[in-house]
Amino acid sequence: MSNKPYRLLEGGSRIDRSKRVTISFDGRQLPAFAGDTVASAVMANGSKLFGRSFKYHRPRGVVGLGSEEMNALVGVGDGARHEPNLRATQVEVFDGLHAVSQNRWPSLTFDVGALNSRFSRFLPGGFYYKTFMWPQSFWKHVYEPLIRKAAGLGRAPEGRDPDTYEHIHVHCDVLVVGGGLAGLTAAKAACASGLKVMLADENPELGGIADLTAGSIDGACVGDHAKAVAGQLYAAENVHVLNRATVVGHWHHNYLMIFERVADHDPALLAAGTPRHRLWKVRAKQVILATGAIERPITFANNDRPGIMLATAASAMVERYGVSPGVNGIVFTNNDNAYLTALGLKKVGIGVRIVDSRARAEGSLIARAISEGIEVSMGSVVSAVEGSQGVTAARIAAYRRGQGRVITERKIDCDFIAMSGGFNPALHLWCHNAGKIKFDENLQSFRPDRHHDAMQAVGAANGTMDVAATLAEAHAAGVAAAKAANGKAKAVKYKVPEVKEPTRAPLESLWFAPATGKYNEGNKHFVDFQNDVTAADLELAQREGYESVEHTKRYTTFGMATDQGKTSNLNGLGVLAEATGKSIPEIGVTTFRPPYTPFSFGSIAGVLTKNLFLPIRRTPIHQWHLDSGATFEPIGQWRRAYTYTGAGETKHTSINREILSVRQKVGLLDASTLGKIEIKGPDAAEFLDRMYTNTFSTLKAGKCRYGLMMNELGFLTDDGVTVRLAEDHFLMHTTSGGADRIAAWLEEWLQTEWTQYRVFVTPVTEQWAQFAIAGPRARNVLAKLGADFDISHEAFPHMSFKEGKLGGYPVRVFRISFSGEQSYEVATPANMGRGLWNAILEAGQELGIEPYGTEALHVLRAEKGFIVIGDETDGTTTPIDVGLEGLISKKKADFIGKRSLEQSFLKAPNRKQLVGLLTEVPTDVLPDGAYAVRALKDKPPMEMTGQVTSSYHSPTLERSIAMALIENGRARMGETLTFPIDGNKVIRAKIVDPVFYDKEGARQNA
Amino acid sequence: MPDLYVESPLAHRNSPERLSIYLREIKDRGMVDLRGIASDKKFMAAAKKVLGLDLPKTPHSSVSWGDVKALWLSIDQWLILCPRAKAAELAAALTAELGVIHSLAVDVSDMRAVLRLEGEGVREVLLKGSSLDLLSGDYKPGAVRRMHYAEIAALLHVVEDTVFDLYVFRSYADYAWEFLLATAREASKIKLFGKQAGPF
Amino acid sequence: MLLVHCPVCGAEGDETDFHGGGQAHVRRPATHDPVNVSDEAQRDYLFIRHNAKGLHFERWRCDRGCGKWFHAARDTVTMEFKAYYGITELPPRELMEQATGEWAGYFKDKLK
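Protein chains in written order, with numbering that gives the first Met the number 0: chain A, 0 to 1005; chain B, 0 to 199; chain C, 0 to 111.
Excised from the complex, chain A in its bound form (with noise of 0.2 Å):
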């Protein structure tokens, strides 16, 4: 086991082979060093097999070295700590660390899915949008469940997610993407101003792939040249760098978000609380993009084999992990820059030899390469590979460019391919925002143009691939950022450093290596390597006529899988480009959105679960209710006592209690969740004669009113009872849900339209607990407390106000009823709250005080026909549905909603009224919502002709009741309705009066 053929005996920039750890793959356990990833623990291991493609099941190795990754997705983590689809070639190892591969049952090596690769003539792109079509019965349960078992990729964790998770806003000068040599030249530059930079790499180490560069800068090696800045930066006070993090996304006004990975390369930092990844939420004044540029792979026969991998990736598995990407293979390129990978090779005694597409190309590396003794096949390409669980051999073929097809191969043994079909920039930050691209034909692959945003893009990111032109325009952007970011910024001289670096021929377009035979027709051809599609998929949708490249994309799903498209946009817009005859700027390209690459639902939630889920607002009484056996019920934000249910009892006769409890003795509500608002001026009563329906300049000091407000479209929007505290002061009372809303209404008419009112309008409904103690026992109760004002009924009738103190707690009070019993609404100052309603249970205890909740109070004011907005209104109803035409002013010249209420369609008489309803079968109590219809029928359709808006069991009654809108309702008193319930059960209830219960209003009077 020692004598490892894959890990190399020395080097490796990133292992530390002094620390042995043990992860297991699969079940098996494999020995690695820190600082490797799983991708380069398994390879050392002798494994090439990672996983199998997500529709052919076909067997799968590492392709890249990064989060371009694109075939080795692993599953990590057990339990409520899974996590699928993790690029193998991100995770970094630990000690115990648990990965499986996905996508394949039983077993990598085995897996039933493969069958799937034999049938794929009949799985070609857009296959199921011309199948599971016959026979209809089977959708629901052969096809859906055999395609849910089929699809995706990775299994989700079970259970709770027992890690933190956390955001962070950070406001910055200059945020740099990206910490290659181009990202760290231009962070170091801007930073010299002593403004505050960020920046942001999604790897481990800053450095990018400086490590893998060739050439020097002023004597040092490019990897010990980023590696002197990057500690430069650390080092700095105006500098933060993140490591492990990805700019996900590029928004408006350079907002960015970065997804860093805090802890989960160490399961002692996630023991210690840290939270697992965080979400920084920044502003940028400047945005350099320095995210480099991703290789292409080139799109040729069997090309998905494991055992080829990118050029890159192969360098970088030698020089930072130690690890062979086999024992002989080929280098197969059209570029210089795969030379690299072939002289790293062959410097650590792999067998190597080039297979370059260009008839010809004279450059350092080439030379250097056939100096040292590398084969190289000039105008030639791998027409074909051998193997299925891993390369065994490859095919050459002699190649002119535009050659169609191929007549002589010759076969190699090997046992990996590093190919390199170029490099595209990674623009996908550029464009989130509507950046403009532009082809570039040296490149063959796009770059970034113009920006309207702060945003610069250097280095290979802006398709600058030289060392020396690199730091010219890093630096430049540097500093241009840190100017314009704060005018004050001292410019920073550029020092031209010695570069050395080898010259390199152009690289020549490869979008299609011809075949021979069968192979030709591109079937094997993988252009999109997670969602197994092929140049063979990509022509067949344009002779399916799906011309548009957004088309091609979904009718393919080419682009669409978690990699989004990073190793196989280019290369599927060239395959394109060859099958149309069309240019690739001519196609375009399909938008780019965020994210750039996967991120956690954790860190998207952040601290914003469980009880921080929802802002909960409680009111000063919550604890009582809690201690009370209270069942609560949401109102908007609120939590409002629903019910308190005793020993012994059920909600429903919990509620019946309570009710009766009002309307026989006496009870006590926590109504401290209604709006308060403080209104104050010389024009005061004019604006709220503006905002009601009715008239409040009429309304005297000390008296109450219940009001009415409409929106402009004449529709309800809320109700209340204002008081008149002075001549120009008025206390105002709004729905719970209504009071922000409607505070802020009023500034809007304020601040917008009547400017020249002298209004000032305070928002209260926080300073105050108020209370309705209701029954007819109210008044004893306040006896009882004791009152510095007189309580009687003459000095103090229904609908008015008094201020004073109730056993000694200051208060208002109102009196007013909800309940339809004498009531009066008590409010203490919020700290007092909890004093005060201690000392009316008390005073009330030998009256038979009892607590109320939400429940028992809408029975109460529905047996009383009053309408709660919300139910008795759904946003189309005006004061006319609901009976409340009375409450219509027809002095006022002007108010809210009085012109569009003029319209003859919402006086229409076939509208929806307020009703009551009596079922026939008194205990059936209609569902919420329950329609009427016209006529019963069998079966739906069937013409509706209203709605139960509220529906209760009265126990003051005995029996259910309801309120609906029925049309026309009020000219059919008498008449029964029919109502069909769920199934085959039909409800009929008779149209009488809303009020049900003391309609003279004496009880409230009393």
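Source of the hints: derived by calculation from the structure; they are not laboratory data. Predicted model, so just to flag it, every value in this text is computed and none were measured. Glycine included, every Cβ here is placed at the ideal spot set by N, Cα and C. Be aware that a few hints might be false.
If the Cβ cut is set under 8 Å, some of the chain C residues that face chain A in the computed set are [said to hold, decoys possible]:
hint : residue
1    : L1
2    : P33
3    : Q41
4    : R58
5    : G66
6    : T77
7    : I86
In silico DSBU-like pairs for lysine-lysine, Cα to Cα no more than 35 Å straight-line [claimed, not checked]:
hint : chain 1 : residue 1 : chain 2 : residue 2
8    : B       : K48       : B       : K139
9    : C       : K52       : A       : K437
10   : A       : K489      : A       : K226
11   : A       : K499      : B       : K194
12   : A       : K609      : B       : K188
13   : A       : K494      : B       : K194
14   : A       : K998      : A       : K889
15   : A       : K801      : B       : K41
16   : A       : K226      : B       : K190
Quick list of simulated restraints, FRET-style, between CB atoms [as the list claims (entries may be wrong)]:
hint : chain 1 : residue 1 : chain 2 : residue 2 : range
17   : A       : R117      : B       : K188      : 55 to 61 Å
18   : C       : E93       : B       : T161      : 44 to 50 Å
19   : C       : L89       : B       : T161      : 41 to 47 Å
20   : A       : A155      : B       : I36       : 55 to 61 Å
We have chain A; now place chains B and C onto it with these hints.
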């Protein structure tokens, strides 16, 4: 007359441990919401007479005199801070002095919960719930800013460089407290823009 | 996530600190003459809005700041805010001149 029972919004909460900052509720602060036209000289003079200070006109600033502070909330709105026992009388005194001048003074001492955050990492903790640029020069002692915090409205007052008062509406007090418990954990402490021990 | 500036108090913040209030300069006919509001005038007030591609004029409220309403001129394609101005004001003259389509028609007599 029996003793009145009074409890602050977070009376049921204990001082938390293992946070990277000190967190507690300030229970004894009085607050008066004052509305008036800043360009109305009579209004400003009357306010000064009662409060002993000139109401600040610079947005997001504050002024102090004795045990009274005036926080700028809007061009026609201030939050007057004072000892709790004084608030009701201060509101009444303002109302009386202002008389017919267009204004509104309301005792709002119970409307908000006041959370005091103290410590080196206070700004970083707040940045976990706010997108204000708290590291900039706009947030020196005396600065006042209404803001969006976590998912709610809040008011921030920079008392000293590492001492912040966070005001939230009373009903959200528990939510704000729990949000701080979650974001101020010692284990999630973070220092922005300082020397870093990076991998080399 | 737009970055918005309040011209009243100087606050700068994410758009979530603000409340977008729709198109600016919508005339409410009933305010001026409540008795003579034609159906067309009311319809325009309630439902008809400009759909500008490019320079557009909007109402905003500094919701989480000073609470005041203001106006903004914003490009609906690039999302750039061109100007902020008071809630009772018209836009800067040069922007009224740059306006096209429905907005040009609206500003025509205001530029005289």
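Legend entry - Structure versus earlier hints, numbers of those that do not hold, lowest first: none
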